[in-house]
Amino acid sequence: MREKKKGTFDMGVLDKHTPFLMLVPAAASVLLVSVYPTLKTIGMSFFDKQLLNQEEPFVGLANYAEALSNAVIWQTIFNTLFFALASLALGVALAMYIAVKLIKPLPGRGFFRALFLVPWVTPPLVASFVWRILLSQNFSPINSVLLKLGWIQGPVSFLDNTEVFFGFLSVPLIMLTIINVWSIFPFLMVMFIAGLQTVPKELYEAATMDGAGKITSFWKITVPCIRPVISVSVLLELIWQFNNFNISYMVTQGGPLGLTKLLAVEVYQQAFTNFNYGYAASVSVIMMMIALVPAIFYMKSSIREIT
Amino acid sequence: MKKKKKIFGIAGHYLVLGIISVFVLLPYYWMIVTAVKPTEEVMVSPSTLLPSRLEFSNFFKVWESIPLGTYMKNSLIVSVTVTALSVVLATLCGYSISRFIQRRAQKFSLVLMLCTQLIPGIVTMVSLYFIVYNLGFSNTYTGIVIAYVAWAVPFCTLMIKGYFDAAIPREIEESARVDGCSQIRTFFDICLPISVPGIISTAIFAFILAWNEYMWASILLSGDKMKPVSVGIYDFIGQYGANTKMALTMTAGIFITLPAVIIFGFLQKHLISGLSAGAVKG
Chain A
1 MREKKKGTFD MGVLDKHTPF LMLVPAAASV LLVSVYPTLK TIGMSFFDKQ
51 LLNQEEPFVG LANYAEALSN AVIWQTIFNT LFFALASLAL GVALAMYIAV
101 KLIKPLPGRG FFRALFLVPW VTPPLVASFV WRILLSQNFS PINSVLLKLG
151 WIQGPVSFLD NTEVFFGFLS VPLIMLTIIN VWSIFPFLMV MFIAGLQTVP
201 KELYEAATMD GAGKITSFWK ITVPCIRPVI SVSVLLELIW QFNNFNISYM
251 VTQGGPLGLT KLLAVEVYQQ AFTNFNYGYA ASVSVIMMMI ALVPAIFYMK
301 SSIREIT
Chain B
1 MKKKKKIFGI AGHYLVLGII SVFVLLPYYW MIVTAVKPTE EVMVSPSTLL
51 PSRLEFSNFF KVWESIPLGT YMKNSLIVSV TVTALSVVLA TLCGYSISRF
101 IQRRAQKFSL VLMLCTQLIP GIVTMVSLYF IVYNLGFSNT YTGIVIAYVA
151 WAVPFCTLMI KGYFDAAIPR EIEESARVDG CSQIRTFFDI CLPISVPGII
201 STAIFAFILA WNEYMWASIL LSGDKMKPVS VGIYDFIGQY GANTKMALTM
251 TAGIFITLPA VIIFGFLQKH LISGLSAGAV KG
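Chains as they are written, first to last, in the working numbering: chain A, 1 to 307; chain B, 1 to 282.
To be clear, the hints were calculated from the coordinates, so they are not data collected in a lab.
Just so you know, even glycine gets a beta-carbon here, dropped at the ideal spot from N, CA and C.
A portion of the hints provided could be inaccurate.
To be verified - Incomplete in silico selection of chain A near chain B, CB under 7 angstroms: (1) Thr38; (2) Pro105; (3) Met288; (4) Ser302.
Claimed, not checked - Calculated cross-link-like contacts (lysine-lysine; reagent style DSS-like; alpha-carbon spacing at most 27 angstroms): (5) B:Lys5 to A:Lys104; (6) A:Lys101 to B:Lys4; (7) A:Lys101 to B:Lys5; (8) A:Lys104 to A:Lys201; (9) A:Lys220 to B:Lys5; (10) B:Lys61 to A:Lys104; (11) B:Lys107 to A:Lys40; (12) B:Lys107 to A:Lys101.
Bound-form chain B, shown alone (with noise of 0.2 angstroms):
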């Protein structure tokens, strides 16, 4: 009897997490399936939910009908920059942050972070797009990554004196202290090559923001050579509507979609531990 109960509440718990599935994949499912059908199922109405036969032209015809190699390279210069610059300026800030929150200006910095991340990113845009005008930078990579280093320092900074306060034993650094060591090679010898995994998910995290990020893009970066993928990718739903393209637009979004799925998929662990390492301390 007893046993029964158990049996029915395994079932009823994997079908409650494949309910949930089919609401979380339904997106993707609908991406791949309109480009794979063949040309004239895709306007069909009702849409039917399997493709009579697959077909792939769409993955070879969207390189040519969208510049979509050159979109990736800007977007790929813009998030590694990105990335790079932001996780050295959150990994100084954050350690500095951690270890010496008694002193002043390290607990500025720590509500100057915690504050800016409450500010909507579109009333900083309203002006910060006059200063990157007047310093002549729009339209140019420099403009856009400086405004998404200073959008993405506060949360990798939080994140990563997260990791550094949870994960990272003091013990070590201040023996380390004792024998003579100056601060900047106890950073950098002792603590840094133990930080990996917290570092690893601060960047995977500078990375999605930054590649996924639309708005700010549209504005700083409009220029047809510039264009990162997302700005990219809407332009080219504005130019032709959402219905007339959509096969070719749905297997753009595939493209775009797997560099983002791809690293997370390889570093995903690193990054809940590394989120998880801040979180749980609050």
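Isolated chain A, as found in the complex (with noise of 0.2 angstroms):
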């Protein structure tokens, strides 16, 4: 222990708690500017808040009965439960085949690597803008090759195409999926390159050995070795991809007729386009409920590891 002497008191104090003194501005802005909003957001819901009301009445659950009997409300979250799992599951089996595919030591790897995590660092409203052409119905590239091919009669419109199948999965949210897909593929597939490089190569010739085909070797030594990996990179991106915002908004502002219309543009709609605060509110509570059950699973593992 440090002898306490006159005039290095002060510093002694000092050190014993600057590890308390680092971590402080960072927990402090996260605290007044994500979880006090989010707070106040939950609270808000329970009130009647518009623009042009002078007063906010207290509703208790109104807010909700009314976004849970309105069938907007359902189709919308029909929407994202589909989109997000469907781009998940897509976005992880096809980032696992490229990541097994680019862990091999053949020539090209590392520029393929790069080449594909381009669309990460694209923005968003670049990449919403032009797959919006390429899926149009008059300058899309990909119709002409179609044409061309003569597989179809005239130009086909991937995004306008009102058919429901299942009370609501339509073309166009099938078309905004591959879309996402291609812009979440490339963070799963760093995370599992990193993942596959930590995974001994013993024990692939041990089972090359034993007869095992590369099928039975990928289910039995590598998923069980990266599947940290994988869990937690699976649960965040299911979290982030049922929180998606930009794709639905930029391609097709939710419609046509609200067919790809996601939770977070149903709110953001309701509070800055139509200023029905309260109502906003509470849709968003309704989403963030849903999202709370895989971030359980993701919140148990990672609380499993600190303690």
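Could you fit the two chains together into a complex? Lean on the hints.
Below, the structure written as structure tokens:
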């Protein structure tokens, strides 16, 4: 222990509390700018707060009742669940397939790794605009190729088809999912490559000696070895995609007929286009409650590691 | 026989990578082709896959039709400030969590960072808008910077914490401590200089986050002179419709994608190693 001398005493105390002082700015800013407004939004959801209303009467659960009895909200919830789960499933499959390919020591590995990461850093606005043109009826090179091949009679409009399957699913929603796969697979790929690098090669050699094929050793060796990486990135990505705003808002504005509207877009439009703040707050809380299910799994596994 | 099989295997490997590359590159190809097509070819339907000749006038016209320079300047000011602040806050906090996780405040901060990552941004936004407005920060850089920093800090903290955990050995710091070095000097003089790769990857992450963001900026920063590129271009598209100024929008797209891609190209190795150091530990 340090001796307490006159004059050096303050320094000693300061030194002891340095670790605490180091985390105060970050923790305080997150508490003030993320946690506090979130709690306020939850509070706001119990009030009828609108731009033109002078008063903001307490209405209890009326906003929630209004939201949950609205067919649009249910359509939006199903859209969002499909969008998040389907783009995650496809994204994970694609990212894993590429990661396994790019872990092999063949030439061009670094080049392809860098190339496949570019969608990650492309502004969502730019990506959305270009995909909107790529999937349009009149200016799409995809249509040009399909027409030339004779596979279609006239140009297809991928984003305006309003035919509905299973009560909510539509071609535009599937297209948005594909665009989203394009933009999320790079992050998953990086995580998987990082995980794959830690798998000891001897395991594969032993498995090959025992006569295990490629597919068997993938499921029996690769997947168990990198399970921690897979579960963290899948859970995080699931929650992020459930909260996704950009693709739906920028490619289709939620249309046609609300078939591609996601929850985040509904909240945004209710709050900042219709100025129906209380109602928007209640929809956003419903959204957070649904996202809580995977979030609890994530927290459980993370907190187990801390303690 | 075996050799033949191997050659087929390698050919298949590159064929698959080639097909995936087409999917990945298609938007960039179309963006560039549309930007350099002669004006009369842009609106032809069905579209031609290659321009008959190259025309670069859009690359000059775009600066006059859209105040792209102002927008990019705004984005740059915001992104650089956010990056600097996020990196400072996240590095201090991440180090403290990494080295003193047995203490209560550090445990609390770690759980806080994990939790806030999971809050949908739009939930925060609904009331943050009023808070920013009441503080008089709407339509100022200050408002958007505060929002972005608080949004970027949790992931940055976890990222840099993972890096400190995995890549920086504690032994050096401990021996410095034994030699009577203060906590703060151990951090600045011993730990920080060897953590540059991790810090760079955190910085790229924060920069790209801020540069690409649209939703919050559209609410907090919508004044004509303050708009960042994402909002500026979105409004430009909204004003003229998606199709009428397609070639100009594509050209603007090239210009706003380039900064992120260039920074990323130079530093991607750091980003990958920084992310994976934290990721592999889980």
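Against the structure, the hints:
Because the smallest distance between the Cβ of Thr38 of chain A and any Cβ of chain B comes to about 5 angstroms, under 7 angstroms, the interface hint for this residue holds. Given hint, Pro105 of chain A at the interface with chain B, is violated; its Cβ is 12 angstroms from that chain's nearest Cβ, farther than 7 angstroms. With 7 angstroms as the threshold, the beta carbon of Met288 of chain A comes within range of chain B, its nearest partner Cβ sitting at about 5 angstroms, so the hint holds. Contact between Ser302 of chain A and chain B, as hinted, is supported at the beta carbon level, the nearest pair being about 5 angstroms apart and thus within 7 angstroms.
Proximity of Lys5 of chain B to Lys104 of chain A is assessed by CA-CA distance (about 17 angstroms); at most 27 angstroms being required, the pair is judged to hold. A distance of roughly 20 angstroms separates the Cα atoms of Lys101 of chain A and Lys4 of chain B; the hinted pair therefore holds under the 27 angstroms criterion. Simply put, Lys101 of chain A and Lys5 of chain B have alpha-carbon atoms about 17 angstroms apart, close enough for the 27 angstroms limit, and the pair holds. Under the criterion of a C-alpha separation no larger than 27 angstroms, the hint pairing Lys104 of chain A with Lys201 of chain A is consistent with the structure, at around 11 angstroms.
For the hint pairing Lys220 of chain A with Lys5 of chain B, the CA-to-CA distance comes to about 25 angstroms; that is within 27 angstroms, so the pair holds. For the suggested pair Lys61 of chain B and Lys104 of chain A, the alpha carbons sit about 46 angstroms apart, so the restraint of at most 27 angstroms is broken. For the proposed pair Lys107 of chain B and Lys40 of chain A, the alpha carbon gap of about 25 angstroms is at most 27 angstroms, so the pair holds. The suggested pairing of Lys107 of chain B with Lys101 of chain A is violated, with an alpha-carbon distance near 39 angstroms, which exceeds 27 angstroms.
In summary, the structure is inconsistent with hints 2, 10, 12 from the numbered list given earlier, while agreeing with the others.
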